[in-house]
Structures are given as structure tokens and as C-alpha cells.
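In the order they appear, the protein sequences are chains V and D. So the mapping is simple: the numbering used here equals the position in the first sequence, first residue as 1, plus 4. So the mapping is simple: the numbering used here equals the position in the second sequence, first residue as 1, plus 3.
Since the hints were derived computationally from the structure, they do not count as laboratory data. Just to be clear, a hint being listed does not mean it is correct.
[To be verified] What follows is a set of in silico ranges between Cβ atoms, one per label pair, in the way DEER data are often shown:
id	chain 1	residue 1	chain 2	residue 2	range
1	V	S247	D	L39	49 to 57 Å
2	D	Y154	V	L19	45 to 53 Å
3	D	G309	V	M207	39 to 47 Å
4	V	L298	D	G106	21 to 29 Å
5	D	A188	V	F329	31 to 39 Å
On a predicted model such as this, the values are computed, not experimentally measured, just so you know. Note that CB positions come from ideal geometry on N, CA and C, so glycine has one too.
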Amino acid sequence: MREWRYWIAEQKATLMALGIFVLMFAIYTLNHPAGFTANVIQTAANKGVLLAFVAMAQTLVVLTAGIDLSIGMIFILTNCLASWLVVGTAVETTLGVAAVLASGLACGILNGAIVIYGRLQPIVTTIATGAIFFGLALLLRPFPGGSVNEDLADALTGRVFGVIPASLLALAMVVLVIWVPFSRSVYGRAAYASGSSEVAAYMSGMPIRRAKFLAYTLAGLLASIGGLFLTFFTYTGEAALASGNAYTLFSIAAVVLGGVSLFGGKGSAVGAIFGALAFRTIGDLLFVFDLDPLWQPLFQGVVLLIAVSVGAFALFRVRNRLEWFG
Amino acid sequence: MSDLTSEQRPSRQMPRLFRRFDPAVATAFACIVLLLVFGSFYSTSFLSPEYLLQQLKVASFLGVIATGMMIVILLGQIDLSVPWSVAMGGMMACAAAAFGPVGAAMAIPFGMLCGMGLGLLNGVGVAYLRIPSMIITLATNAVAQGLMVVYTGGFSPQDSATPAMRYLATGDLIPGIPNAVIIWAIVGAAAVFALGRTTFGRSVYAIGNRERAAYLSGVDTRRVVLIAFVISGGLSALGGVLLAGYASKAAQSMGDAYLLPSIAAVVLGGTSILGGRGSYLGTVAGVILITLLQSILSVMQMPEAGRQITYGLVIVLMLLLYGRTPASR
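Kindly generate the complete structure, drawing on both the sequences and the hints.
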């Protein structure tokens with residue numbers, strides 16, 4: 005009985021994100037002209053999964069009380085790279101996928117090395133490395149184009165057994181292979197610990213630096229999985245600055261909606277995934293209600309603004325004003 | 004505040020010139036000289052007064068925007084809403100110009116007022132709701148973008164800049180010196196005065212060093228932070244107004260090219276990204292450095308991709324030289 009309660013308390017934020025998502029998705033499908041069909045779910049899943057990967061990546065970094073503003077650019081860069089490499093025979097495609105994932109990993113390693121071993125501030129560093137990644141993406145794809153192995157793309161964006169969207173299964177796989185081992189490992193716990201109090205974690209002899217480095221590195225990897233999936237959906241590579249910036253922004257919105265604390269140390273990638281799916285559904289609500297798509301950026305901005313302001317309610321619980329200053 | 008004065012006391016005895024000599028500012032100026040020498044090898048017209056004055060004019064747009072950014076960074080915060088503050092300032096000023104002579108007269112103040120409104124939103128979020136500045140400013144940036152997309156219908160706005168805006172950005176009141184440079188000089192002088200000689204400025208440095216201490220010594224920290232963000236929004240919008248005047252119309256993405264350079268200029272000028280430390284002279288050096296770098300890259304006909312990569316590399320490398328935070332021990 006007790007353990008059950010602890011679990012609820014621990015997962016409160018994640019469950020809340022799940023609740024928001026279920027509510028929003030219910031409103032969405034009820035008003036969708038096609039209703040609750042496999043096609044509608046497949047389309048929604050494919051769109052949501054992209055943001056979910058990027059949001060997972062952002063979560064890892066945010067947990068350590070950092071931020072990665074280059075995440076959208078890694079996403080774009082790996083999209084452009086995949087549109088060159090993930091083509092041809094099965095062997096070539098496999099090597100291409102491996103190369104794309106390795107390049108995402110390399111981007112993450114660069115960020116991590118500069119932030120942790122170079123001791124620079126994450127905000128400025130990742131804005132600067134984001135410019136580098138975007139420049140590389142432009143070099144790869146000055147104009148939108150390229151192609152992708154369509155068999156693989158269709159397999160990963162289609163449906164398994166005619167019902168379950170394959171992209172959701174891929175997302176679940178990634179959670180099981182990357183997030184679950186990470187969050188249960190010593191490094192994962194150290195990442196949480198350094199996010200909630202770096203001094204205390206340092207004093208307890210936790211491997212803070214390696215944990216943070218691993219977080220940035222895995223963030224790069226997850227963003228590249230997102231980039232790979234973007235290529236599978238669009239069949240092309242495009243170095244779009246606006247799209248990169250939007251994904252960075254939306255990843256933060258998803259993380260906040262998913263109950264991950266921006267001050268670090270609290271939340272989980274699963275919550276961020278539900279946050280991402282919820283954010284995407286909220287954005288798409290405009291379409292089912294037949295509103296002008298011009299209003300979508302404003303609507304998403306306002307949702308983001310409200311989401312980040314909700315955290316301010318904690319201020320009402322502050323007894324001593326000095327706690328304002330953390 | 005008291006720890007600030009005690010920190011400065013020993014240096015008071017040194018000559019004024021040496022006290023000013025921050026290694027970061029010196030490095031930035033050295034890089035400017037290096038760039039000029041490198042540029043003069045590339046093209047002989049690089050050192051001509053006309054070319055340098057033209058560079059200074061281009062730099063003044065960035066300079067005005069970076070001034071606001073610097074005040075916010077001195078607080079230990081950051082303003083990521085610059086892109087759409089700039090675009091909103093330019094667009095709203097041009098929009099006001101469409102409303103007859105009264106509108107034309109009010110164009111510049113109206114544009115700035117819109118930017119200050121966005122800054123007010125940022126300030127309330129950061130100071131009173133205690134939302135991390137990089138998050139709330141990203142959110143308000145998205146809201147401003149959304150508003151402008153709805154306003155323009157997704158296309159570049161058709162209204163053009165007023166003659167006054169064009170005069171401010173391209174004319175010259177004193178022959179030979181562009182008006183934009185004069186505006187930057189006025190804004191800069193006001194910033195130097197406000198940061199060095201007023202209670203507001205000293206509070207900004209104090210809050211940047213330790214907000215808790217500033218609060219306990221009786222500074223209304225929330226009001227100071229709020230005002231700083233309003234100033235930053237207003238100056239970004241002023242930059243947008245000038246840019247719109249320079250190009251004679253506003254454009255959708257006119258502000259995108261100013262976020263990274265404005266942060267880079269402030270940080271390369273030796274202002275600590277953690278707040279509380281930095282001089283306006285350094286920001287001036289940073290702005291000129293960034294502008295010259297841009298100019299050399301475009302003279303070399305470097306494509307956009309190469310420019311982005313060079314930017315990122317230069318910022319990371321210069322920060323690694325002198326922007327590192329102390330190791331945790």
C-alpha cells in the first residue's frame with residue numbers, strides 16, 4: 005500500500021502529462037471528421053514521435069540543470085545527412101543509419117565536451133554550436149532535396165498488424181534501450197543528483213562530470229534518431245532554420261508540459277514524451293476546429309507561455325521571500 | 004552593494020587607464036586590429052575611411068540591440084526574444100506609418116512601445132513569476148512571432164518606412180557621420196551613465212553578483228529586473244525601427260540575424276554570462292569585432308553555411324580563451 009503511494013507521488017508529473025495528452029487527444033479525435041480510426045492515429049503518431057524524440061533529448065540535458073538550444077539544429081543536420089546516406093541496398097542503408105546516429109552522437113559529444121570540460125555556460129555554448137550544426141546542414145543541403153530508402157521509411161512509418169503505428173513501437177524501443185538503462189544507471193542517478201544540487205552531488209563523490217557528459221552525448225544521439233525519422237516521413241532533407249528553431253522551442257515546451265523541472269533534478273523522459281504528444285495534439289486542435297492555420301504559431305506560443313507560467317504557482321507556497329532567489 | 008565597493012577600492016589607487024584594462028576587452032580590441040590587418044591584405048580599400056565609416060554604420064544597428072542585451076546579461080539573465088522584438092519594432096513602426104501624418108509621426112515611438120510591451124511581459128515573468136529568463140523569453144518570442152504572422156498574413160508586410168525612419172538610419176546630420184552612429188553613441192552614452200552613475204545601474208551589477216544580497220540590502224530587485232527587460236525590449240525594437248528605415252521596409256525574418264551576434268558581442272566584450280561583471284567599452288569592442296568579422300566573411304564571398312560555422316567557432320574559441328567559469332572545488 006505504502007509503496008503504491010510513493011510510486012504515485014513520484015510519477016505525479018508524468019501521470020499529469022499523460023492525463024493532459026489523453027484529454028487533448030480525446031477532444032482531437034472526437035472532432036476529427038474521420039474519427040478514431042487507425043489512419044488518424046498513425047498520422048498523429050508520426051507527427052508526435054518526431055517531437056517526442058527531440059523532447060527526450062532535451063529532457064536528458066534539462067535534468068542536469070542545463071539546456072541544449074542546439075537540439076533542433078542537430079535534428080536538422082542529421083535530417084540533411086540522412087537524405088544523402090540512408091539510400092541504396094540493405095547494407096548501404098544500414099551503414100547510412102549507423103553513420104547518421106554516429107554524427108548525432110558526435111554533435112552531442114562536442115556540446116558535452118565544451119560545456120563540461122571547457123566549463124562554458126550551456127546557453128551560449130549550444131547557441132554557438134547550433135550555428136555550427138546549421139552551417140554544416142546548409143553545406144550538405146543548400147537546397148531541399150535528396151532521397152531515402154523508401155522500403156525502410158514505409159516500414160517505420162506504417163502500421164504493424166494494421167493497427168499499431170510502427171513509429172510508436174520505435175519510440176517505445178528507444179525508451180527501453182536508451183532511457184531506462186540510463187535513468188537506472190549510476191550515471192543517470194548522478195545526472196539527477198547534479199541537477200537537484202550540484203554541490204551536494206559533488207560532496208557525495210558522484211561522477212557528476214561523466215554523468216553530464218553522457219547526458220549531452222545521449223541527447224545528441226536521440227536528436228539524430230528524430231532527424232532520421234523526419235527523413236523517413238518527408239523523404240527529403242532540408243536545412244530549414246525556422247524548423248530547427250521551432251523544434252528547439254517545442255522541445256522545451258514539451259519538457260515543461262511533461263513535468264520536467266527546468267531547474268533540474270526532477271521529471272522523466274516518459275513524461276516529456278507525453279508532453280510532446282500533448283503539445284502536438286494541442287497544436288493540431290486548431291485544424292479540427294477549422295480555424296485559420298495562420299493562428300497556429302500564436303496559439304502554440306500562448307500554450308507555451310501558459311505552460312511555463314504554471315510553474316510560478318509554487319511561489320504561493322514560499323514562506324520566506326529569500327527562497328525566491330534559490 | 005558593499006562587497007562591490009570593497010572589491011573596487013584597491014583598484015581606485017591605480018591610474019584610470021589601467022583600471023579600465025580588462026584582459027577580455029584588450030583581447031577583443033587586439034582581435035579587431037588583427038582583423039583589420041588581415042582585411043587590408045585582402046583588399047586595399049579595407050582601411051579607407053569610407054569603408055570603416057560604413058562598417059560603423061552597420062555596427063550601430065547591432066550596437067543598439069547589444070546594449071539592451073548587455074544590461075540583461077549583467078543581471079545574470081538572458082533575452083532570447085530579440086529576433087521578434089526587432090521584427091515587431093520594425094513592423095509595427097511601418098504599420099503605424101500607414102495611418103496618415105499622425106501615424107507617421109508616432110511610428111518610431113509606437114514601434115519602440117511594442118518592443119517595451121514585450122519586454123514588460125519578459126520582466127514580469129522573470130522578476131515576479133521567477134520563470135527562468137531563457138524560457139520565458141523564448142516563449143514571448145514565439146508569441147510575438149505568432150502575433151506578427153497573424154498580422155501580416157504570413158507575407159512580408161507591404162507598409163514602408165516613414166521618411167523620419169529612413170533619415171535616422173541612412174541620413175547624416177553632421178556631414179560625414181551617419182545618423183545611425185550618432186544614435187548608437189547616444190544610446191551608448193546613456194548606458195554608460197546609467198550603469199556607472201545611477202542607483203539603477205549599480206543595482207544591476209549588484210543583482211548580477213548576488214541577487215539575495217542585493218535584496219537584503221534594500222534594493223527592490225524585482226523592479227530593477229523588470230525595468231532592465233523593458234529597456235532591452237525597447238532597444239531591440241529601436242534596432243528594428245532603424246533596420247526597417249535602412250531597408251525602407253520591415254521583413255519577416257529581419258531579427259533572426261541579430262540574436263547570436265548580440266549575445267556574442269556582449270560576451271566577447273568580456274561581460275560575464277553569469278552576470279555582475281562587464282564594461283560597456285567591451286560591448287563596443289565586441290560589436291565592432293562581430294561586424295568586421297561579418298564584413299570580411301562577405302568580402303571573401305563566404306557562403307551562408309561557412310559564415311554560420313565561422314561564427315559558432317569564433318564564439319566558442321574566444322569564450323574558451325577567457326569566458327570559462329572556475330572549476331568546482
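Those earlier numbered hints the structure runs against, lowest number first: The structure conflicts with hints 1, 2, although it agrees with all the remaining ones.
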